[in-house]
Every structure is written in structure tokens, then in C-alpha cells.
Amino acid sequence: MVSMRHLIIIFFFIFLGPGIFSKPIKLSSPEVLLTGWNARCLEHADLNKDGMEDIIYFNLDKSYLEILYRCKPNEIPKKVRPVKKDRWEPKLENGSYIQERIFVPNSISDIAVGDLNSDGVFDIVTGSPQSGIKIYFRLEENEWSEPLKIESEKMRPYSQSLKVVTSKKGSELFIFSELGLERITFLDGQPKYPSTIFREDDKKAYGLELIDLNEDGHLDWMYLVQGEEYSLKVRLGKNNSFGPELSMDINLASFPTKLIAGKDSSSAKFCSIDSLSREAIVFSFSNIFKEKKNAYNISTYDIFEKSNKESSWTLGDFDDDGFNELVSVSAGKGEIVFFQSDKDGFSGTVETFPSFRGISDISLHNHEDKAHLLIVSPEEEVLGLSSYDENKGFSFPKLINLEGIPILASGHDSEKNTILIICEEDSNYYLKTLQLGNSGSYEEKNSLHLNDLKREPQSLFQCDLNGDSHSDVMVLSSRDAPLILLGEKSGEWTDSSSNSVVRKSFLKNVDSTKLGKFPDSSLNKDSLLVAGLGFVREIGWQNGELTIIQQYNSKDQGSELSCPVRMDWDQDGKDEVFAFNENGHWERLKSGFADSNIKNQWDGSFMEPNHVMVLESKKDAHLLVLGNSGFQIITKPDKKTLSVNIESKYLTDLPKIRYNGIESGDFNNDGMPDLVCLDGKKSLLEFLTFNKKENIWKSSLHFEVFEKNLHYQGKKGGLFEPREGLVFDANGDGLDDLVFLVHNRLLLYKQTK
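Numbered per the working numbering, the sequence shown spans residues 1 to 753.
These aren't lab readings, by the way, just hints derived from the structure by calculation.
Please note: incorrect hints may appear among the correct ones.
To be verified - Each pair of labels, with its calculated beta carbon distance range:
1) S286 x G334: 38 to 46 Å
2) S267 x D572: 57 to 65 Å
3) I197 x D389: 19 to 27 Å
4) G491 x S286: 51 to 59 Å
5) N645 x S522: 41 to 49 Å
Even glycine gets a Cβ: it sits at the ideal position worked out from N, Cα and C.
Hey, can you work out the whole structure from these sequences and the hints?
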């Protein structure tokens with residue numbers, strides 16, 4: 001509530017303004033309406049089609065959905081108590097609104113407004129994690145329908161989790177659920193199931209802004225992940241879906257608000273608060289190439305929950321279109337997740353197909369000259385092959401007969417129609433080779449008892465160590481030294497390194513996350529990369545035994561490294577060695593350039609990797625990083641990269657003021673966007689106008705919204721007051737006004753001409 005003492009200060013400041021500013025900001029004293037304590041979910045729309053903007057909010061105290069219909073100019077609403085001298089008791093209100101209430105039996109955490117049944121009038125959508133999503137349709141008699149319950153995933157407990165989008169194709173409801181962005185299309189006012197989910201499982205992610213940022217005709221999704229250095233995330237719309245997560249080079253403390261379009265505005269701009277400095281900032285997006293402080297781009301694809309502890313991945317051209325697709329499984333889900341690809345890479349289109357439960361391993365297998373998916377499930381004790389059909393997708397796996405319980409398997413990429421598998425029989429482990437027989441079924445060709453294997457193996461690692469063109473295999477156990485078996489022409493295996501010091505000492509406790517390989521073209525064989533505490537070692541097969549060829553030291557000798565990889569990042573013929581540091585960044589340990597010319601540490605929103613692949617093309621090379629919950633693609637920046645441009649900033653000079661909220665509007669009716677910034681702890685608003693000549697923001701007005709330490713009937717407001725606000729034309733005069741929820745009041749500040 002604004003006291004008279006504050007109002008005197010306000011108008012004194014305002015009318016001194018013209019001498020300093022070209023056009024002052026003029027606000028009326030506030031209209032006051034009762035809302036009940038902790039009212040929330042403030043929204044506005046013309047609900048009764050009378051040309052006036054109405055207000056909607058949730059009255060938490062009385063469990064009402066409150067609708068305030070704005071009266072037309074000079075129309076006085078009935079049954080409204082007038083303002084008296086005592087501003088606090090009894091309860092007073094003087095707003096020009098007619099009130100309507102809808103009883104809501106459960107709590108509400110967000111409200112959205114839109115036309116979901118294509119009848120030309122707005123409907124109301126409410127949602128919360130506890131009560132789910134409900135729609136109130138506007139009927140012909142200006143009444144509201146009984147709520148339609150929507151089948152959806154559990155909604156996130158934040159505001160800005162609901163959005164209605166209407167286009168020529170129809171209406172769609174978007175819900176930011178715990179699994180990600182859920183899209184439900186509507187036909188004749190009825191939802192069409194099943195819905196589509198675009199995975200985003202980070203619990204700190206919030207916000208739902210759908211806007212075409214790159215001007216390609218597709219809606220893009222913008223949201224925030226609080227606590228990350230690059231908190232602003234964008235997923236570009238593509239082919240009726242959304243692409244990977246792009247981390248923008250900016251850290252925000254509040255969700256971006258679209259800046260109103262000024263006279264000379266040519267593209268969408270947004271305003272927000274910088275997370276560190278608490279400056280008000282204005283930014284835009286562009287596809288114009290510019291030098292970035294990072295020499296890479298990160299595209300993130302979320303597939304499983306962040307809590308997912310085990311997943312398996314493989315890459316192959318399963319649909320025979322000439323492009324490699326990515327397939328993934330989670331041990332806790334009985335399904336295959338298929339990521340489609342095209343000439344531009346992973347398209348973002350995801351399909352799921354039923355499969356075994358408890359899958360521990362999948363791999364590409366060349367079966368009768370066609371890519372198949374080899375699937376192992378120790379839980380169901382089965383091994384199967386699944387093929388992809390263009391119309392039906394992946395088939396349910398066809399079982400392969402074998403003795404014992406399958407633990408791990410590989411398509412044995414050195415030979416067609418051959419499968420390498422580890423089975424458990426009576427607490428013993430066997431390495432078996434299966435080959436496709438004349439009968440059309442797989443038959444056991446060789447079996448090797450793994451006497452030295454004391455624990456269940458963690459993974460199979462295939463390579464060609466000795467350069468004889470026969471696949472060799474390492475059986476990895478996270479607590480022991482690996483078994484190294486060399487493949488023979490006969491298809492049998494030879495243990496040639498059981499007494500190797502390198503194996504016993506330098507490969508002990510190495511699991512699949514610590515191991516990588518790269519082809520040595522000069523010797524036609526593979527070398528190993530082994531990550532450890534502050535180093536990566538290159539190990540090769542020389543003179544009939546394992547030998548340490550070279551060691552690459554990290555600048556941080558106290559941190560564990562993982563997922564070592566060697567690649568020609570710059571495509572200049574010079575190999576470089578990279579590894580992931582446990583502190584959350586990638587590190588370049590070797591380069592063909594002098595150390596002074598490169599940045600050795602890559603910082604960004606990286607996921608913790610389990611495996612990394614190098615994907616190369618004629619133009620460039622990039623990293624495919626595979627984790628438990630999803631994957632990332634790290635590429636060099638190019639001209640098509642969406643980037644953030646900081647247009648302007650403003651740091652307040654008011655003592656002890658730190659902004660936490662911001663809105664945009666034209667508060668002096670000059671056709672240019674202005675800003676209103678909020679410090680909720682101090683209950684202070686500061687208005688900023690842009691000086692185009694000096695190209696800077698200037699403070700035009702500031703005031704406190706109500707007195708400090710003011711109690712109402714023994715109750716207090718929240719930590720941040722005002723807690724919600726909107727900017728819109730509330731009284732139909734064509735000027736932007738301000739509406740705030742403060743304590744148990746709604747305050748409307750009208751702009752005066």
C-alpha cells in the first residue's frame with residue numbers, strides 16, 4: 001500500500017522531472033482492492049469481450065479463482081466500499097472492477113489464458129502439482145463450464161509453467177512438467193492424447209516462453225536453470241519439435257520479460273536482472289557470427305531423469321538412410337529410445353519402443369548386411385536382436401538361444417554375423433563367440449572360461465591392439481586389472497598380458513569411463529588412452545607387450561580425469577588430447593600449438609560423461625558426449641549459432657538496493673520502452689528511461705510501495721513484496737499501467753496523460 005507520505009514524495013519528484021527529462025513519468029495514486037493474504041498467479045485478459053482488460057488471480061485464503069472485470073470509463077461498480085480516512089481498518093477498496101469467483105477445491109500454482117475450443121473467447125487454465133491441470137471454458141451465457149481435468153505429467157510447482165498457443169492449425173496447451181515440456185493439442189475443445197514430451201529433467205529449470213527467436217517460422221522454447229553459470233537455455237523449434245538445449249552466455253536472476261516494441265525496434269528484445277551484479281540488462285538474440293569467448297558450442301539432449309544411474313548407448317544407421325542414429329536404454333525402463341538423424345545431425349525427433357526390462361548393454365550388430373540392435377538383459381536373462389522398420393520402428397527383440405545368463409555383449413564389429421558375449425554359469429564367467437549358422441540361428445563357436453575374473457565384469461572394450469586386423473577385447477572390472485585377450489585368426493582368444501606390469505599397475509581399477517582409444521594410422525593398430533589422477537597416459541602394444549608411450553599432465557594434479565579422447569579439433573592435421581575434469585570442465589592436455597595460444601580449460605554447462613565419441617566430417621570434428629541422463633554434442637562455433645547480444649545495462653546508485661524483478665512498458669507515453677525494476681526486500685520500485693542521445697538508461701522515478709514493518713491483523717507479508725506484477729493497459733486509455741500484488745491488496749497505478 002502506498003502511504004500519503006510517499007505519494008507526496010512521488011508527485012514532488014514527478015513534477016520536478018520535466019526540467020531533467022524530456023518526458024516525465026506520471027502515475028496516479030493507486031486503486032486498491034482486497035485480494036486475501038498471499039494471493040498469487042496474477043494474469044490479465046479480456047474475458048468478456050468488452051474491450052477492457054480483466055484481472056485473474058488465485059485467492060489462497062478462500063480458495064477462490066478471482067476474476068475482476070474492468071468497468072468501462074465513468075462506470076461505477078455496485079457494492080464497493082468507499083475509501084475512508086483510516087486506510088488500514090476496516091478493509092477498504094476503491095477499484096473499478098466487478099468481481100466474480102470460482103471455487104477451487106485445491107491449490108493453484110499457475111494460471112494461463114487462451115482460446116482452447118476455437119470459439120473466439122478466452123478460457124482459463126489452472127494447474128498445480130497437487131491438483132493437476134484443469135480448464136474452465138467460457139460458455140455463451142458468460143458463465144464458466146465445470147473444470148475439464150487434463151491427463152498430463154506432474155506439473156512443476158512454479159509460475160510460468162503453463163502456456164496456451166493458438167495458430168491457424170488449432171490450439172495447443174504447453175505444460176512444463178517434471179519430465180519436461182509437455183504439448184497437448186486440442187480439437188473442438190477436446191484434448192488429443194497421447195501428449196508429446198520434450199525431455200528436460202533438471203529440477204531447477206523453470207519458465208515457459210515460446211517465441212520465434214531465429215525468425216525461421218518455428219516457435220522456440222526459452223527457460224532458466226537457476227544456479228548455473230549459463231542459466232539461460234534455448235531449444236530451437238524444428239519440424240514440430242524442439243532441438244537440443246543451447247546454453248546462452250548470460251547468467252540471469254529473473255525470468256526474461258519481453259521488451260515492448262519501440263518506434264525503431266526491428267527485433268525482439270528482452271530485459272532481466274544479472275545474477276551477480278544485479279544490474280538491469282536488455283539483450284537480444286541473433287544468428288550473426290561473432291567471436292565468442294568460448295571456442296565451442298554445447299547442444300544438450302535430455303532423455304532420462306537426472307537421477308538415472310545407468311544407461312547404455314550405441315550409434316548406427318538403423319533406418320538405412322545413410323545417417324547414423326543414436327539409440328539409448330535405461331536399466332530401469334523397458335523401452336528403447338531412438339534419436340533420428342538427418343544431414344544436419346540429430347534432428348531432435350525421439351521415438352520410444354517397448355523392449356526388455358533391466359537392459360545392461362546394447363550395441364550395433366551387422367546381421368545379414370543390415371544394422372540390428374543387440375540387447376542384453378541380465379534381469380530377464382535374455383539376449384535378443386531388434387531390427388528397425390520404417391513404418392513400425394524397432395521390433396520387439398528376437399531371442400537368441402544360449403547357455404547361462406548374459407551379462408555383456410558386443411556386435412563384434414570385426415566380423416559380420418558374429419556376437420561376442422559374457423555369460424555367467426554357476427558363478428563362473430565365460431567369454432563366448434556366437435556366429436550365424438546355415439540354419440539361420442546363432443551357434444556357439446568358441447567359449448573361454450575367464451578364470452581370473454573375480455567379480456562381475458563392468459564392460460567389454462574392443463580394439464585392435466597388435467595390428468593383426470583381428471579384434472582384441474578388454475574385460476573391465478572397476479576394482480581389478482582388466483583381462484586383455486588377443487583375437488586369433490581361428491576365432492579363439494589368447495591371454496598374452498597376464499604378467500604385464502603395465503596391466504597390473506597402471507590399468508588396475510580402470511573402468512570404461514577412464515578408457516579411450518584412437519587409431520595409429522602409421523602402425524595400423526589402436527593405442528589406448530587411460531585417465532587417472534591429474535594425467536592421461538597413452539599405452540600401446542610394442543614388442544609383444546603393453547608399453548606406456550606418453551603421459552599428458554593436467555594443470556590440476558589433484559583432480560580425477562575421465563573420458564580421454566584424442567582428436568583433430570581444429571582440422572589442421574594436429575591431434576589434441578582432451579579429458580573431463582571432475583570439477584565439471586573439459587581440459588585440453590595436448591595441442592599442436594604453444595600453450596600461450598590456446599585455452600586449456602573449457603567451462604560450460606557440461607554433463608558428467610560416461611563415454612565420448614569423436615564424430616568427424618569433411619568440414620569439422622565434434623564430440624558426442626554420453627551421460628546417464630542424456631547426451632551432449634560439443635562443436636566449434638559457426639555462423640548458424642544463436643547467440644546473445646547485450647544491448648544495455650543499468651546499475652542503480654540507490655544505496656543498499658539490489659534488484660530481483662523487472663518489467664517493461666511505456667510509462668511516459670513517448671513510444672519508447674521503459675523499465676521498472678523491483679527490490680522486493682526493500683519494497684522499492686525504480687523506473688528507468690532510455691536516453692537515446694547518450695545511449696544509456698537513467699533513473700526517472702523511485703518510491704517504496706508501503707511502509708516497513710507494517711502489520712495487518714497480526715499478519716505479515718512475504719519476504720519479497722510486491723511479489724507479482726503486470727504491465728498492461730488496465731483502463732482502456734491506451735497507456736501502460738502497473739498492477740501489483742502486495743500483502744493482502746492489489747494495487748493499480750494508472751498512467752496519467
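Hints versus structure:
1. Checked against the hint of 38 to 46 Å, the pair S286 and G334 passes, with Cβ atoms roughly 44 Å apart.
2. Taking 57 to 65 Å as the suggested C-beta distance range, the pair S267 and D572 does not conform, at roughly 36 Å.
3. Range check, I197 to D389: Cβ separation about 24 Å, and the 19 to 27 Å hint holds.
4. The hint said 51 to 59 Å for the Cβ distance between G491 and S286, and at roughly 58 Å that hint holds.
5. N645 and S522 have their C-beta atoms about 47 Å apart, which keeps the hinted 41 to 49 Å range intact.
When the structure is compared with the earlier hints, a violation turns up for hint 2 alone.
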